[in-house]
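S.K.: The lines below spell out each chain.
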Amino acid sequence: MSSTAPTSPQPSPAPERGGVPTALSDVTASDSALRRFLHGLPGVDAVGLEARAASLGTRSIKTTAKAYAIDLAISMVDLTTLEGADTPGKVRALGAKAVRPDPSDRTAPATAAVCVYPDMVAAAKEAVAGSTVKVASVATAFPAGRAPLPVKLADVREAVAAGADEIDMVIDRGAFLAGNYRKVFDEITAVKEACGASARLKVIFETGELSTYDNIRRASWLGMLAGADFIKTSTGKVAVNATPANTLLMLEAVRDFRAQTGVQVGVKPAGGIRTTKDAVKFLVLVNETVGEDWLDNHWFRFGASSLLNDLLMQRQKLATGRYSGPDYVTVD
Amino acid sequence: MSKKTKKTRQAAVTSAAEAGGTLAATAATPSAATTAAVAHAAPKKASAFAYAPAPESRAVVDIAPSYGLFIDGEFTEAAGGRVFKTVSPATEEVLSEVAQAGEADVDRAVKAARKAFASWSALPGAERAKYLFRIARIIQERSRELAVLETLDNGKPIRETRDADLPLVAAHFFYYAGWADKLDHAGYGADPRPLGVAGQVIPWNFPLLMLAWKIAPALATGNTVVLKPAETTPLSALFFADICRQAGLPRGVVNILPGYGDAGAALVAHPDVNKVAFTGSTAVGKQIARTVAGTRKKLTLELGGKGANIVFDDAPIDQAVEGVVNGIFFNQGQVCCAGSRLLVQESIHDELLDSLKRRLSTLRLGDPLDKNTDIGAINSAEQLARITSLVEQGEAEGAERWSAPCELPEDGYWFAPTLFTGVTQAHTVARDEIFGPVLSVLTFRTPDEAVAKANNTPYGLSAGIWTEKGSRILAVANKLRAGVVWSNTFNKFDPTSPFGGYKESGFGREGGRHGLEAYLDV
Numbered sequence: 001m002s003s004t005a006p007t008s009p010q011p012s013p014a015p016e017r018g019g020v021p022t023a024l025s026d027v028t029a030s031d032s033a034l035r036r037f038l039h040g041l042p043g044v045d046a047v048g049l050e051a052r053a054a055s056l057g058t059r060s061i062k063t064t065a066k067a068y069a070i071d072l073a074i075s076m077v078d079l080t081t082l083e084g085a086d087t088p089g090k091v092r093a094l095g096a097k098a099v100r101p102d103p104s105d106r107t108a109p110a111t112a113a114v115c116v117y118p119d120m121v122a123a124a125k126e127a128v129a130g131s132t133v134k135v136a137s138v139a140t141a142f143p144a145g146r147a148p149l150p151v152k153l154a155d156v157r158e159a160v161a162a163g164a165d166e167i168d169m170v171i172d173r174g175a176f177l178a179g180n181y182r183k184v185f186d187e188i189t190a191v192k193e194a195c196g197a198s199a200r201l202k203v204i205f206e207t208g209e210l211s212t213y214d215n216i217r218r219a220s221w222l223g224m225l226a227g228a229d230f231i232k233t234s235t236g237k238v239a240v241n242a243t244p245a246n247t248l249l250m251l252e253a254v255r256d257f258r259a260q261t262g263v264q265v266g267v268k269p270a271g272g273i274r275t276t277k278d279a280v281k282f283l284v285l286v287n288e289t290v291g292e293d294w295l296d297n298h299w300f301r302f303g304a305s306s307l308l309n310d311l312l313m314q315r316q317k318l319a320t321g322r323y324s325g326p327d328y329v330t331v332d
Numbered sequence: 001m002s003k004k005t006k007k008t009r010q011a012a013v014t015s016a017a018e019a020g021g022t023l024a025a026t027a028a029t030p031s032a033a034t035t036a037a038v039a040h041a042a043p044k045k046a047s048a049f050a051y052a053p054a055p056e057s058r059a060v061v062d063i064a065p066s067y068g069l070f071i072d073g074e075f076t077e078a079a080g081g082r083v084f085k086t087v088s089p090a091t092e093e094v095l096s097e098v099a100q101a102g103e104a105d106v107d108r109a110v111k112a113a114r115k116a117f118a119s120w121s122a123l124p125g126a127e128r129a130k131y132l133f134r135i136a137r138i139i140q141e142r143s144r145e146l147a148v149l150e151t152l153d154n155g156k157p158i159r160e161t162r163d164a165d166l167p168l169v170a171a172h173f174f175y176y177a178g179w180a181d182k183l184d185h186a187g188y189g190a191d192p193r194p195l196g197v198a199g200q201v202i203p204w205n206f207p208l209l210m211l212a213w214k215i216a217p218a219l220a221t222g223n224t225v226v227l228k229p230a231e232t233t234p235l236s237a238l239f240f241a242d243i244c245r246q247a248g249l250p251r252g253v254v255n256i257l258p259g260y261g262d263a264g265a266a267l268v269a270h271p272d273v274n275k276v277a278f279t280g281s282t283a284v285g286k287q288i289a290r291t292v293a294g295t296r297k298k299l300t301l302e303l304g305g306k307g308a309n310i311v312f313d314d315a316p317i318d319q320a321v322e323g324v325v326n327g328i329f330f331n332q333g334q335v336c337c338a339g340s341r342l343l344v345q346e347s348i349h350d351e352l353l354d355s356l357k358r359r360l361s362t363l364r365l366g367d368p369l370d371k372n373t374d375i376g377a378i379n380s381a382e383q384l385a386r387i388t389s390l391v392e393q394g395e396a397e398g399a400e401r402w403s404a405p406c407e408l409p410e411d412g413y414w415f416a417p418t419l420f421t422g423v424t425q426a427h428t429v430a431r432d433e434i435f436g437p438v439l440s441v442l443t444f445r446t447p448d449e450a451v452a453k454a455n456n457t458p459y460g461l462s463a464g465i466w467t468e469k470g471s472r473i474l475a476v477a478n479k480l481r482a483g484v485v486w487s488n489t490f491n492k493f494d495p496t497s498p499f500g501g502y503k504e505s506g507f508g509r510e511g512g513r514h515g516l517e518a519y520l521d522v
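These protein sequence lines are chains A and B, in that order. The first sequence: position 70 = 70 (this note's numbering), numbered continuously. The second sequence: position 433 = 433 (this note's numbering), numbered continuously.
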């Protein structure tokens, strides 16, 4: 199988990419070719996958390594508010926190992005203006994705027009589970097109609804074939969100995809990651599965809201030797 | 490793391309590290996310400068006054000086065990169970201490002693404690009787776990024990002696005799021993069988292996790679049931090998006490020499060697994870047990060929099957002549599961209900 031979792949430096990589263009030529390809991917043994994720979870990350991991994790956070009750005021506060997470310590890095609903993009853009913090917007009738395609595309265009740097779309899980892979593929390519050259596209699979690891691997390849810049586990709105095992599986997928096509795709676990300890475990997964090419917020993100304060408290603890407490970080 | 700065000893690495022409160039030439075959991994650059040292504290274990033999509930000097040193294989540091048992000591210990047998075997099973439960609990309470001790004396990583060895040791005692008062229902008739004095000789690869496999069923069934641990790893057995005292076990029920092969031979040959249990090499096992032949002694032997790990083309590849790694690099490959032969379907050979090499390049070799270490030290200079010589023979016979690019510490006994490709059934590395971190990769075309090759060995201890197809698992497993067949996993142990071999891997079963039979007069 020369197709998977290591080819010393070069990561694609450009964030924008479109269309199917030439190495795999034939697999998306038809509905049946796509199905054959996805069903021909090696199976996933659930017990083995979870055991591997758990064993990497026992790594002991101390002192300098922990300091590095905490700062890296902070810089990878997509600080998120996705509530019906979101207001411009709430979004401004979130933006300020993203730009300067620890008001008592200017050395704390900024987060990667703030993540909001499309109608809050403008407010978010204003709040982070002049900083490195990106604005990500969920779109495509998030979180259910149950809307006609034109509505989803309008959702995306609005967000992009308002200045969103990144679009977090949801796939049509119904179509995926019904076996209509081509429909999912076409939707992703249409959304990718609507993102234009400026916005990077994150594709959310809602792994908790896809349920099996085989499905998650197929969805990962489907998303990457259709032009995803990032593949993302979940919306944070269902019972099972990011887990070490499903993230490990997606990391294996981006690793293999790059080996075959030369195209590097990012990974974003989202939902359920609340503590520094958890975040460090995910970074260990990244480090030992795909290596340092992904240890950068251009290629790996955490979709989280409460995680940031725990990271900041642990950061203060490392710096001062004392635990501070929730009153020494900002509550937004 | 935090101690003295190590001078780099680059593991020898050859590429397929290079070795294809000549295999002479496998000497430790650092330039050989950069090759097509290891393009992903070598040269190994320091990752931005370098794990800081995370050593487990040695302070939890207090090793005395010297230890005696444990006979009749007392620590005592050897009759001949001889002692030997036990060293940490990771650093060659002398850990302690231990009394060396001789023939006179064996006789003394067997007499003590014989004396204790009358009252111990007369105890109701429920009473014996109390002692075993107590021992199991003390092992759990002292598990951190014992894990560090085992890592120091054996060289295996703390990750393994902490997460595998010690939990299994406690589980074995708990499990057989449960049987002690239920022997009537074990399927060996009403009121099955113990044999008497059990002479047990165990190896150095899982010192405390092998002790548990031997002692727990022996005591549960009402036998008394004289156990000889291996000369390179006597300490955890001596700590176990202390645990027996802590548990209030009657004198003489367990006797521990550290020593060399001569002590083991004397124990096996002792006329008042009723039962011999041995785990170790096939060569020694054959000697023991000759010694015991013609006597009334009951014998179980758990010997070497050359386990086949069969990977079919529909296997879950990423998990198969993990299983192969776990199968041969767990405990530095010093496992009798190691999956030391990888039988891979030819159609996925290149893909699997690329994944395997990439994975091996991430293994962390070094200080066994560091919680992030995957590969520890080889147990002894002698074992390292044996591994090295077999690997050299593999190269001389034309197999292509690849070793993971990792720095080996200057002191201690180390061997980089290594695999051989282009191996056939005719190669020594495919036939002889290496007992080290060395994997031989062979290919097959059909399931029948896989079974034929897997069975084509004098051994028959373990095998693995990797496929997503359930019917194939069952069909192949039924044809494999191996005591344990794992499917889509490897090296998983449980006290409820019988373990043992076919052919030159020995006979008798340890573990589970079957494990009781070896210690009962049935």
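It is worth saying that the hints were derived from the structure and are not from the lab. Even glycine gets a Cβ: it sits at the ideal position worked out from N, Cα and C. One or more of the hints may lead you astray.
[Said to hold, decoys possible] Cut-off 30 Å, straight-line C-alpha distance, at most; resulting in silico cross-link-like pairs (DSSO-like, lysine-lysine):
#  : chain 1 : residue 1 : chain 2 : residue 2
1  : A       : 317       : B       : 371
2  : A       : 66        : B       : 371
3  : A       : 183       : A       : 317
4  : A       : 90        : A       : 317
5  : B       : 492       : B       : 503
6  : A       : 62        : B       : 371
7  : A       : 277       : B       : 492
8  : B       : 479       : B       : 503
9  : B       : 503       : B       : 286
10 : B       : 479       : B       : 286
11 : A       : 277       : A       : 62
12 : B       : 371       : A       : 277
13 : A       : 277       : A       : 90
14 : B       : 453       : B       : 503
15 : B       : 479       : B       : 469
[What the hints assert, rightly or not] Between beta-carbon pairs, the in silico distance windows are:
#  : chain 1 : residue 1 : chain 2 : residue 2 : range
16 : B       : 246       : A       : 277       : 53 to 61 Å
17 : A       : 47        : B       : 498       : 16 to 24 Å
18 : B       : 145       : A       : 320       : 31 to 39 Å
19 : B       : 281       : A       : 54        : 48 to 56 Å
20 : A       : 177       : B       : 184       : 48 to 56 Å
21 : A       : 54        : B       : 181       : 44 to 52 Å
S.K.: Each hint should be assessed against the structure and marked as holding or not.
M.R.: Evaluation of the provided hints:
1. Our distance criterion of 30 Å between C-alpha atoms is met by residue 317/A and residue 371/B, whose separation comes to about 22 Å.
2. This hinted pair checks out: residue 66/A and residue 371/B have alpha carbons roughly 15 Å apart, not beyond 30 Å.
3. Distance restraint check for residue 183/A and residue 317/A: the Cα-Cα separation of roughly 50 Å exceeds the 30 Å cut-off, and the hinted pair is therefore not satisfied.
4. Taking the CA atoms of residue 90/A and residue 317/A, the gap is near 28 Å; set against the 30 Å cutoff, the hint holds.
5. A distance of roughly 22 Å separates the Cα atoms of residue 492/B and residue 503/B; the hinted pair therefore holds under the 30 Å criterion.
6. Distance restraint check for residue 62/A and residue 371/B: the Cα-Cα separation of roughly 11 Å lies within the 30 Å cut-off, and the hinted pair is therefore satisfied.
7. Of the pairs offered as hints, the one joining residue 277/A and residue 492/B holds, with about 28 Å between alpha carbons and a cut-off of 30 Å not exceeded.
8. This hinted pair checks out: residue 479/B and residue 503/B have alpha carbons roughly 15 Å apart, not beyond 30 Å.
9. A hinted pair counts as satisfied when its Cα atoms are at most 30 Å apart, and residue 503/B with residue 286/B qualifies at roughly 12 Å.
10. Of the pairs offered as hints, the one joining residue 479/B and residue 286/B holds, with about 26 Å between alpha carbons and a cut-off of 30 Å not exceeded.
11. A threshold of 30 Å between alpha carbons decides the hint, and for residue 277/A with residue 62/A the separation of about 11 Å falls inside it, so the pair holds.
12. Proposed proximity of residue 371/B and residue 277/A is supported: the alpha carbons are some 16 Å apart, at most 30 Å.
13. With a C-alpha separation of about 27 Å, the suggested pair residue 277/A and residue 90/A falls inside the 30 Å cut-off, and the hint holds.
14. Taken as a hint, the residue 453/B and residue 503/B pair is honoured in the structure, with Cα atoms around 15 Å apart against an allowance of 30 Å.
15. Proposed proximity of residue 479/B and residue 469/B is supported: the alpha carbons are some 16 Å apart, at most 30 Å.
16. Separated by about 35 Å at the C-beta atoms, residue 246/B and residue 277/A break the suggested range of 53 to 61 Å.
17. At about 22 Å, the CB distance of residue 47/A to residue 498/B agrees with the hint of 16 to 24 Å.
18. The hint said 31 to 39 Å for the Cβ distance between residue 145/B and residue 320/A, and at roughly 33 Å that hint holds.
19. At roughly 34 Å, the beta carbons of residue 281/B and residue 54/A sit outside the given window of 48 to 56 Å.
20. A hinted range of 48 to 56 Å holds for the C-beta pair residue 177/A and residue 184/B, which are about 54 Å apart.
21. Between residue 54/A and residue 181/B the Cβ separation comes to about 36 Å, which falls outside the hinted range of 44 to 52 Å.
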